[in-house]
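J.: Whole structure, please, built from the sequences with the hints as guidance.
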Amino acid sequence: GRLLWRHWPALLACFFAQRVAYDALLFGAIQLGETGVLLSYAAIAVLIVSQLVGAIAMFLVLRSSMPSMQSPDGLPSTLGQRSWMRVLAVALLPFFAYYAAWGLLEGIKRDFILTYQSWVSFDRREPLQDILALRGLWIALVVSWALREVSKRRFAATQHGAWSLLVAACEAYWLFVGAAVIARGWAWATAWWESRVVYVTLTTWWDNPFVGLVSLAPLKRALDPAWDALSTAGGAVVMPLVWLAIAAIVYGMDLRRRGRLDRHDARARLVSRRYRNLHPVWKTAVDKVSGGWNGKGIPILNAIRLVLRAGLPALLVLCVAWALLDFVDAHAWGMATAAIGPQPWDDWRVLGQPLSLLFNGPMSLRPALFTQLLRVVLLAATFDRAIAGLRAARA
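Counting from 1, position 300 in the sequence shown corresponds to residue 300 in the working numbering; the numbering is continuous, with no gaps.
When the alpha-carbon atoms are kept at most 20 Å apart in a straight line, the in silico DMTMM-like pairs for lysine to aspartate or glutamate are as follows:
| hint | residue 1 | residue 2 |
| --- | --- | --- |
| 1 | LYS109 | GLU126 |
| 2 | LYS109 | GLU34 |
| 3 | LYS109 | ASP23 |
No lab work stands behind these hints: they were computed from the structure.
T.: Written as C-alpha cells, this is what we have:
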C-alpha cells in the first residue's frame with residue numbers, strides 16, 4: 001500500500017507509455033503486413049522489447065522506496081544505485097529469456113494474428129501457419145542473427161543499454177519466427193503420432209484402464225478430482241513465484257542459478273556438495289535428465305526459499321493476493337457490465353473505453369490497469385520483505 005501510494009503517478013505513466021507503444025507498434029506491424037509478414041515480425045519484436053522495458057521501469061520506479069535497495073547488505077549482486085539505462089541493460093536480457101521460457105509472449109502473438117486476419121486485405125495476406133512458405137525467410141534470419149552478434153559484441157565492449165535493447169529485439173524476432181517453425185513441425189509430428197495404432201490403443205485403454213480382468217476406471221474417477229485440485233493449486237502457486245523470480249532478476253538477484261542462496265541454507269549447501277562429488281557418469285546422466293528442471297524448476301525453488309525468509313505469511317499473502325487478482329481479471333468486466341445494465345450502443349462506445357482499460361474485457365489480451373499495478377507493487381513488496389528476512393538470516 002505504501003509503495004502504491006508513493007509511486008502511483010509514475011506507475012501510471014509507465015503503464016500508459018506501454019499501452020501507447022503497444023498500439024503504435026501493432027498498428028505499424030499491420031501496415032507492414034501489407035508488404036510482408038517478416039517485416040511485421042520485426043515491428044512485433046520491437047513491441048515485445050517496449051513491453052519488457054515498461055515492466056522493468058515499473059519495478060525500478062519502486063526501488064527508491066524499498067529499504068532492501070538502499071542497503072547493500074544481504075542482497076547478493078545488487079544493482080545498487082546505477083543509472084536507469086545501465087540497470088535496464090543488465091536486467092533486460094535475463095528478463096526476456098525467462099519471460100519467453102515461461103510462454104508469457106502468447107498474448108502478444110494471438111493479438112497480432114487476430115489483428116492481421118481482420119485488417120490485412122485478403123489478396124495481400126500470407127499463410128501465417130506455413131512459416132516456411134514466407135518470402136525471404138532465410139535472408140531475414142541471417143540478417144537478424146548477424147545484427148544480434150554485432151550488437152552483443154558492442155554491448156560487451158561499451159555496456160550501453162541501446163545495444164542491449166537491439167539484442168533483445170533480435171532475439172524476440174528469432175523467437176517469433178523460430179517458434180512458428182517449431183509449432184509447424186510439432187503439429188505434423190502430433191498428427192503423425194495420433195494416427196498410429198499404438199496411440200489409439202493407449203487412448204482407448206486410458207478411457208477404461210484395466211489390469212488383467214480388474215478395471216481401474218473407478219479408481220481413476222476417484223483420483224481425477226484430486227488431481228484437478230492439485231493442478232489448480234499448483235498453477236496458483238507457480239505463476240506468482242515465476243514473477244517473483246523475474247522481479248528478483250530486475251533487482252539484481254538471478255534466481256535461475258543453482259545454489260544462489262546456498263550460503264544461507266546449510267541443507268542446500270550439503271546437497272550441492274554431494275552433487276559435485278558424484279561420479280562423472282552419474283553427474284552427466286542427472287544433468288541430461290534434469291535439463292528442463294534446471295531451467296524452470298531451480299528458479300521456482302529459489303523463489304520459495306527466498307520468500308520464506310520473510311515468513312510463511314508473506315508467501316501465503318503473495319499467492320492468495322495473486323489468485324484474487326486473477327479472479328478480478330476473469331470476472332470484473334462481467335460484474336461491471338451487469339452493474340451498469342443495458343445501455344444504447346452509443347453510450348457503450350463511451351463507457352467501454354475506460355472500463356476496458358481498467359479491467360480485462362472478453363477479447364482483451366493485454367494486462368489491465370488495475371491488476372497490473374497491484375501485481376507490480378505486490379511483487380516488489382514481497383521481494384523487499386524477503387530480502388529483509390535474508391539479511392536477518394545472514395546476521
